[in-house]
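Dock chain B against the given chain C, drawing on the hints supplied.
Chains C and B, in that order, are what the protein sequence lines are. All residue numbers for the first sequence refer to the working numbering, where the first residue is 1 and numbers rise by one. All residue numbers for the second sequence refer to the working numbering, where the first residue is 1 and numbers rise by one.
Honestly, the hints are just simulated from the structure, not real lab data. Since we're looking at a predicted model, the values are computed, not measured. Glycine residues also receive a C-beta, built at the ideal position from the N, C-alpha and C atoms. Check the hints yourself; a few may be wrong.
Unchecked claim - Cut-off 27 Å, straight-line C-alpha distance, at most; resulting in silico cross-link-like pairs (BS3-like, lysine-lysine):
1) C:K136 x C:K168
2) C:K111 x C:K179
3) C:K113 x C:K254
4) B:K128 x C:K347
5) C:K168 x C:K179
6) B:K128 x C:K349
To be verified - So the derived label-pair ranges between C-beta atoms look like this:
7) C:G33 x B:L188: 30 to 36 Å
8) C:G209 x B:W184: 58 to 64 Å
9) C:E245 x B:W198: 22 to 28 Å
10) C:N344 x B:I38: 30 to 36 Å
11) C:N109 x B:F80: 55 to 61 Å
12) B:W198 x C:E89: 37 to 43 Å
13) B:A118 x C:Y306: 51 to 57 Å
14) B:T155 x C:G31: 45 to 51 Å
15) C:D148 x B:Y98: 52 to 58 Å
16) C:K323 x B:W184: 50 to 56 Å
17) C:S42 x B:L188: 40 to 46 Å
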Amino acid sequence: MSLSIWQSMQQKGYTRRDFFQFCAAAATVAGLGPSGVSQVASAFEKKEKPAVLWMHFQECTCCSESFLRASHPIVLDVLLDVLSLNYSETLMAASGFQAEKSLNDTIKNNKGKYIVLVEGAVPTGADGVYCMIGGKTAESILQTVARDAAAVVAWGSCASNGCVQAAKPNPTGATPIYKLIDKPVINVPGCPPIADVMMAVVTHLLVLGQVPALDNQNRPKEFYGRRVHDTCYRRPNYDAGLFVESFDDENARKGYCLYKMGCKGPVTYNACSVVKWNEGTSYPIQSGHGCIGCSETGFWDNGPIYQHLPSFPGFGVESTADKIGGLVGIATVAGVAAHAVVTNVRKRKVIAEVHEEDQPEV
Amino acid sequence: MSSPEIGVGIGRGRRTPLDHQQPVEYRRVYVWELPVRIYHWINAVALVLLCATGYLIGAPTSPLYAAEAYQQYWFGWVRFLHFTAAFVYVFNFMARIYWGFVGNKYSHWTAFFPLKPAQRQEMVDVIKADVLETKLHGPISTGHNSLAGLIYFFTFLAFVFQTITGFALYSSMSSSWLPRMFVWIVPLMGGEFSVRFWHHLFLWFFVTFVVVHVYLAFYHDYIEGRGTVSSIIGGWKFEREKREK
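Extracted from the complex, chain C is given alone in its bound form:
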């Protein structure tokens, strides 16, 4: 018999006050507001602790690292403490057969109730040999754990869109997990995703027992509904046409817009400029570097980081659409000019030919 979160907290020696602090923080990160606290408290008193499986496939564990740096320590503490985190290669003490047993038992005992958090892409090339755990391919493990899951969350860009593993030429056939399983997947892209966003998604699943509102790419609307650009504090400089022209110039010192330095804020959907990183300390643009668009699909393949338009495919790194287009434009003007010259050199003959038509029949 599983315990509720409140029961579990009591066992660990948390007070009722701690519990309510936790509920308030959880309601906040789940975006429920002050009125949501009672809802959260009620859920945590009655609901059984959900079992959680945290799977690691082709990834660098930066999502886990990010998660551990969430800015609401009490929430994090309690979540890690009270969640039945039954399987996580990085955090679990068990190993080998014990670990496998824990995974299998969780699936068997919590059919349809456990939550699967997936970190990393799944390689499908060469029958999946590029990522194998306990002698099984990542794909077969994913299929097994996802089948009876209540919800599947894709942590980070690897699991959501393939990230660097899926960058061209994608030698291992890395595939985002939503393409491999039939269940709807909550995509939480980012390299890594923001800790507080991850926390909020987990909290939402736990508190309300339902999937948060998602956009057409299955990302939580709350956090991926707006572009970094839309809430960027440097946005007024963009509208005023005040741009940094090179790093460390006077404009950079004044904090002008980084658009011309290749900032991908205008094409990137994420909450960086609102939630920020490391307990709300800063985010890339605030530190003077453009956004690299790490939460967007295929961002590795979208040209150099310091150009806001990708390179023209097949023409090398420096060839933007403007250079190629400009050349085509110049070539056209040259062609037209040449045609005009030829026409005028041959003018008498050309016009005579046309006027020949005008000669009335005799």
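Same frame as chain C, now just chain B:
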């Protein structure tokens, strides 16, 4: 007295290559109806605005008369102009499509597709006349020639492409229904990076089109001398009167 060659009977005078005094009769034909002309000029102005502001959005210049953001709104205005011109452009284009069904034969939608063998033959003739300058005599279309018509059809496809990608990019800044209709384009094309790239690339298609289009209008006027350029202002072109033998 004046030179005896001038005006001496039809077909009997000496023919010199540049003798412009041959008496030839032309018939005035009303080719471009008012809605077509209005469409053309709204389109032209909107297109130039869109290209200029679009280029600036891709590669902004910084007129640094201000040091602080609150002192100017230069880039904001560039973008505002782009978006406004885009809406004008789209609705203007829709009106033209409508006119393709109710207008005269020169503006009819069938003028844009080489469906008949005669139209296809004309395409070959036009290439010989316009590009190679080898066959300059023979019948000339009064409206669009069939090659021009087909190329206009391709530009319409480019219009549609720019409209779709443009609204897709705009949809993230708007809650109005028209741009919202194209939200799904963004994930389909692999994110806003690539939508933006393709939208930007097609700018150069239009630049190239404008160069060739304006040149050819002048070229035809220059060679044929029957009011090609002025026809888009007044609507009239001139057709050589067929003479009864």
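- prompt: Any of the earlier hints contradicted here, and which numbers?
  reply: Failing hints, ascending: 3, 8, 16.
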